Every structure is written in C-alpha cells, then in structure tokens.
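Given chain A, work out where chain B should sit, using these hints.
Number of protein chains: 2
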Amino acid sequence: MSVQMQLRRIIISEIQDEQVIMLKEVEGERIFPMMIGIFEASSIDRRVKHMVSPRPLTHDLIASTIEKLGGELRDILINEIRDQTYFAVIRIALDGEIVEVDCRPSDGIALAVASGVPIYVAEGVLEEVCGND
Amino acid sequence: MSVQMQLRRIIISEIQDEQVIMLKEVEGERIFPMMIGIFEASSIDRRVKHMVSPRPLTHDLIASTIEKLGGELRDILINEIRDQTYFAVIRIALDGEIVEVDCRPSDGIALAVASGVPIYVAEGVLEEVCGND
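Just so you know, the protein sequences line up as chains A and B, in that order. Sequential numbering of the first sequence, starting at 1, is according to my numbering. Sequential numbering of the second sequence, starting at 1, is according to my numbering.
Next up, chain A with everything else stripped away, as it sits in the complex (with noise of 0.2 Å):
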C-alpha cells in the first residue's frame, strides 16, 4: 500500500551541502523528511516559485522526453528504505502498462512537481521513518 503525499516544505541552506525537503500525508498528519541535494532542491523550488526558463531544464527533459516517446507520467513511488538511502520509481503508462524507472526520490520528486504529477510513499517506508499512522 503507499500514500499519498504533498511537498510541504523545502528549507536551502547556502551553508551546507544537503537541503531538506518536507512531504506530508495528503490525508493524515505524517511529515516526512528527506535530505536531498542542492541542485534537486533549486530544481523542485524554482519550480514552486514558478519560475520560468527559456530552455527546458533537467526534469522538464525527462518529461519532454517520456511524452515523446509516447508515454505518460503517472506517479512516482519512494517504494524502499535501505541502509538510510531511500529509492524510488517513477511509473509511466505506455500501451496499456506501467512501466517502471528506478531513481533517486530527490529527482523523481523534482519530476512530480514538474509536470504535476501524485507524489507516493510505501505504507512501510512511512512507518519506519515516522512510526504509524
């Protein structure tokens, strides 16, 4: 089972190298934090912000990318916790299936935002980060 969640928060440090990046329960008051680079966190805020680029940047290509080759971005998945490293997937419907992408969730979460996209957590990585619902 996985869970929906929301960005809630980004908070860059220009003094560390790791930013935190906040997902809440879309129904529920979990909060989940993850540690993420500087460049995902810009990529995920200029994107907040609604900024604008004049030509497509990194997660704009990957979506650019996976429209032209036919497919269609459903949702990403942070599906596992091991050894403190998250993992994720992003899921693309392509004639009739779902395919699925490994990637880090720094980047598959820049892709959410990007093209608008749910965002999920597995019940059981949720539960080991945060306890129960």
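Honestly, I wouldn't trust all of these hints.
Since copy identity is lost for identical chains, a pair holds within one copy or between any two.
[What the hints assert, rightly or not] Straight-line Cα separation of at most 16 Å, EDC-like style, residue types lysine to aspartate or glutamate; simulated pairs:
#1 68 with 102
#2 68 with 95
#3 68 with 25
#4 24 with 123
#5 24 with 127
#6 68 with 14
#7 49 with 80
Hints are computed from structural coordinates only; laboratory data are not their basis. Everything numeric in this text was worked out from a predicted model, so none of it was measured.
Structure of chain B alone, referenced to chain A:
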C-alpha cells in the same frame, strides 16, 4: 550538415558559477567552448572519471527512461545558436523513426557522455563560433 565532436576538456572553477567545457572536432581542429552550470559540469566530470553512484543520477535516469520506453538513444545535436544561447536536441530511434527532444546542450552532453553516444554540432553553429574549417 553536422560535425562530430568529442569532449576535450572540462574546466571546473570553484569560485565561479559558470564552468567551461570544450568540444573538439573528431576529424578536424576546431574547438567549441561552452559555458555550463556546475551541476552539469560535475555530472560530466564524474562520468569521465568513471565514478560510480549507488543510485541512478539524473542523466542515468534519462537514459534508462528512454530504454524502458523502447527507445534507443542515437546521438545529441547542438543545432542552433540564438542570442548567444545554444540549443540542442537528443535524437532517439523509436519504431523505425527518429524522435527529437529539445534540451540544453549541457544536458545533451551529460547524457551523451553517460550513454556513450556521439555528440554533433551543426556546421552553421560551428562556423559562427569557430569560423570555417
């Protein structure tokens, strides 16, 4: 017409935002310099140095997305310069046709280096920047 280039040099400066990448003609002597962001420069540099990452980095994600959707990345082409800004496309074979996806040259080069496909620059762009062969 387009001219095949190879990555000649990456100059990373920690005190400047913009980094320099130099492409050189495979069958000629013209050098094509480009300013790119630190993220793309680092991504290319990591790749050239064969540094491995436990999780797919952003340009690996583009490569695996193309593959999972049944496409085959062929090459990248820097095809235009407008107001001192370069534009590029990635070219993907899909079902016997070539699909082009707009990108920034830095993303295109990072993807080409990650995937081991050729980099081309349109002859017109090369002439504008470097003069005639």
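Hint check:
Proximity of residue 68 to residue 102 under the C-alpha cut-off of 16 Å is restricted to the inter-copy arrangement: shortest distance 10 Å between copies versus 20 Å within a copy. For a Cα distance limit of 16 Å, the shortest separation of residue 68 from residue 95 qualifies both inside one copy, at 14 Å, and across copies, at 12 Å. For the homomeric pair residue 68 and residue 25, neither the shortest alpha-carbon distance inside one copy (32 Å) nor that between copies (30 Å) is at most 16 Å. With identical chains, the CA atoms of residue 24 and residue 123 are at most 16 Å apart within one copy only, with a shortest distance of 13 Å there and 51 Å across copies.
Proximity of residue 24 to residue 127 under the C-alpha cut-off of 16 Å is restricted to the intra-copy arrangement: shortest distance 13 Å within a copy versus 52 Å between copies. Taking the closest pair of Cα atoms, residue 68 and residue 14 never come within 16 Å of each other, the shortest separation being 36 Å inside a single copy and 36 Å across copies. Taking CA atoms no more than 16 Å apart as the test, residue 49 paired with residue 80 passes in neither setting, with 29 Å inside one copy and 29 Å between copies.
Checked against the numbered hints above, the structure breaks hints 3, 6, 7 and satisfies the rest.
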